[in-house]
Amino acid sequence: MGRPTEPFFWTLFSAGGMLAALVLPAVCFVLWIAAPLGWLATPDRAGWLALLAPPLARLALLALVALSLFHWAHRFRYTLYDGLQLHHLYGLIATVCYGGAATVTLVAAYLLLRLG
Amino acid sequence: MSRRRFHPRWFRRRTPIFWWLEKGVYVHFIVRELTSLAVAYAAALLVVQVAVLGAGAEAHARFAALLASPWAVGWHALVLVGLLYHTLTWLHLAPKALVVKLGGHRVPDAAILAGHYLGWLAATALVALVLVRS
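So the protein sequences, as listed, match chains V and X. The numbering used here applies: residue 1 is where the first sequence begins, and numbers increase by one. The numbering used here applies: residue 1001 is where the second sequence begins, and numbers increase by one.
The hints are simulated quantities; they were obtained by calculation from the structure and are not laboratory data. Any given hint could turn out to be false.
Reference listing, derived: stretches of chain X covered by chain V, where coverage requires no fewer than 3 residues with Cβ under 8 Å from a Cβ of chain V [what the hints assert, rightly or not]:
no., segment
1, 1042 to 1050
2, 1075 to 1084
With beta-carbon atoms standing in for the labels, derived distance ranges [claimed, not checked]:
no., chain 1, residue 1, chain 2, residue 2, range
3, X, V1132, V, E6, 37 to 47 Å
4, V, S14, X, L1037, 28 to 38 Å
5, X, R1133, V, L86, 40 to 50 Å
Ideal placement from N, C-alpha and C gives every residue a C-beta, glycine not left out.
Please take these sequences and the hints and turn them into a complete structure.
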């Protein structure tokens, strides 16, 4: 199709897909299933703040969030086009998906910066 | 595509919206694509956790209680299924996307797949090391 932005978004999609595949199942299981059920102990609030104190740790979390979101944006966009036959809404869907991912990424960056 | 005003209308058969329910492989394809929703949800929930962390001890405790409700745990078990589906389908695509040559020979798909599973294992161990406290 010759869209110049395509390789850029595909790279984000690909990197996000790999990072999410490797990391997110463990994160989901530990933080949102095992810890709430009391199977495993996770950091308390002070522990979290200590964990996120180094700038590199915040950057890593931001990268995980951003790449996962852009993975979703790219994949979901084409699911809407092809799955629901919405090719006529090309621009709108792309704007909502990538714009949504970018917005949440900016919010995450702000929150991580503000964490003190 | 350029939007010319007087473009002739092509004759095309319309594809029904639920075309992907016709065959098992199509359903599998759509389900695989929809696992990206679980990925986005997990990312968004991590952002919420950072927000709650910054909002103070009381908010943090309230959110922990919310996460411990049976509904939340059940929902996150469903999210985990989606994430695992994403991981498995993603890793199994790797040998198709990646052609590695070593000493003039193509590394067999099984070896590439095994490498990716090892990577998953290592990443999982790393997450546990960072997040699990005794």
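Could you tell me which of the hints above the structure violates, numbers in ascending order? 4
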